[in-house]
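Please model the entire structure based on the sequences and the hints provided.
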Amino acid sequence: MNIETWFDDCPDRRARPSLKWGKYTGKDIIPLWVADMDFRAPPSVIETARKEAEFGNYGYAKAHPGLIESVVHHCRSMYDWEIEPNWLVWLPGMVCALNVCCRMQQGQARQAITHIPVYPPFLSAPGNFDLSCTKLPLKLDGDRFTMDFELMEETPTQAGDLFMLCHPHNPVGTAFTRKELDHFSRWARDRELVICSDEIHCDLLLESDLTHIPLGNLDPETAEHTITLMAPSKTYNLPGFGCSFAIISNSNLRLRFKRAMAGIVPDPAAMGFHLAEAAYRDGEEWRQSLLTYLRSNRDYAMSRLQSMDGLLPYSPSATYLLWIDARKLGTDNPHHFFEENGIGLSDGSDFGAPGFLRLNLGCSRNLLEQALDRMERACSSVIKA
518 MNIETWFDDC
528 PDRRARPSLK
538 WGKYTGKDII
548 PLWVADMDFR
558 APPSVIETAR
568 KEAEFGNYGY
578 AKAHPGLIES
588 VVHHCRSMYD
598 WEIEPNWLVW
608 LPGMVCALNV
618 CCRMQQGQAR
628 QAITHIPVYP
638 PFLSAPGNFD
648 LSCTKLPLKL
658 DGDRFTMDFE
668 LMEETPTQAG
678 DLFMLCHPHN
688 PVGTAFTRKE
698 LDHFSRWARD
708 RELVICSDEI
718 HCDLLLESDL
728 THIPLGNLDP
738 ETAEHTITLM
748 APSKTYNLPG
758 FGCSFAIISN
768 SNLRLRFKRA
778 MAGIVPDPAA
788 MGFHLAEAAY
798 RDGEEWRQSL
808 LTYLRSNRDY
818 AMSRLQSMDG
828 LLPYSPSATY
838 LLWIDARKLG
848 TDNPHHFFEE
858 NGIGLSDGSD
868 FGAPGFLRLN
878 LGCSRNLLEQ
888 ALDRMERACS
898 SVIKA
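Numbering-wise, the sequence shown is residues 518 to 902 according to the numbering used here.
Hint data in this document are derived by calculation from the structure and do not stem from the laboratory. Any given hint could be a false lead.
[What the hints assert, rightly or not] Listed next, the in silico SDA-like pairs over lysine to any residue satisfying Cα-Cα at most 25 Å (straight line): (1) 696 / 663; (2) 652 / 695; (3) 845 / 660; (4) 656 / 820; (5) 696 / 736; (6) 568 / 610.
[Stated by the list, open to error] Listed next, with one range per pair, are the computed distances between beta-carbon atoms: (7) 625 / 603: 20 to 26 Å; (8) 570 / 647: 41 to 47 Å; (9) 661 / 703: 18 to 24 Å; (10) 576 / 527: 30 to 36 Å; (11) 857 / 672: 37 to 43 Å; (12) 812 / 666: 27 to 33 Å; (13) 633 / 603: 31 to 37 Å; (14) 543 / 649: 37 to 43 Å.
Bear in mind that the values here come from a model prediction, so they are computed numbers and not experimental data. The beta-carbon is built from N, C-alpha and C at its ideal position, and this holds for glycine as well.
Spelled out as structure tokens, the structure:
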């Protein structure tokens with residue numbers, strides 16, 4: 518696969534009803550905010566979409582045997598995780614899954630606990646079901662964010678409380694180690710917590726020596742109280758065809774999860790099922806090329822951002838998202854400041870971290886260069902002022 522032609526030549530989404538690009542319609546602002554890549558999906562996915570469109574019938578669908586086997590094989594080959602087909606619960610997206618977990622524990626839990634900063638729906642979902650949201654700040658260890666186990670030990674909990682884990686972590690880009698996961702699991706197990714582990718970025722590890730460890734595959738005891746959430750959407754750029762799944766080995770927990778879904782959460786769209794299978798079955802060469810491109814974008818962005826006064830970037834080991842501390846920039850609202858200077862980033866306030874920013878690396882190098890040029894000029898203007 519020719520990386521330069523595939524990932525450098527992105528479709529022009531400016532004239533289409535796109536969430537990412539539509540936010541700044543009519544404005545000269547480069548959108549690097551929502552976790553949506555600009556790249557074309559894998560060739561196998563595009564070809565499958567074409568065939569399904571030409572078939573002409575777009576009725577309701579269910580997960581078919583080929584898709585189920587593709588997911589089972591993916592878990593086996595990627596994570597050495599032997600899952601059973603009946604452990605799978607199909608979902609149209611991750612946000613609804615987070616809300617289902619909170620709904621499932623309504624009346625049994627007092628709180629939902631999560632680390633901050635974190636993907637905004639982690640912070641909003643508990644309140645939809647009368648759960649308090651307990652926010653535990655991640656700890657900076659050198660230039661890497663990790664769990665603050667001392668703080669966690671001091672946190673009051675009760676049996677049945679929900680912990681919402683983001684693994685790998687969005688927005689800070691940490692891929693947690695086995696040692697960290699073992700420690701976390703013992704802590705949660707001792708307190709009889711239910712865990713919702715959002716692992717949607719698990720196939721986007723940017724370091725070649727890293728291997729994703731699903732929390733549900735850590736050990737049998739952990740699996741008994743864990744709901745693992747996965748999807749092809751972030752890896753293969755399919756978020757508009759929502760097809761996600763939960764992996765729940767505990768039959769009682771799985772039944773409770775399904776009951777919390779009942780009457781509210783629809784099945785994925787038929788096209789989503791077909792494209793998910795195509796991605797998992799034939800998308801590996803494309804994924805490897807994507808990782809090469811994202812690593813290059815990350816390294817380039819880090820080299821540029823580290824030289825900009827007022828910004829402190831953190832290099833992600835996973836995801837295509839780069840977390841930036843802009844609290845020393847000298848402006849009250851860094852997000853608004855960069856928008857005024859033509860760059861649309863995610864506002865750290867939405868993640869529970871005012872003064873920080875999140876930059877999406879899932880774009881062509883040319884667009885990234887333009888955005889970083891604008892950021893550099895903007896930072897220089899503050900210093901000169």
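Which numbered hints does this structure break? none
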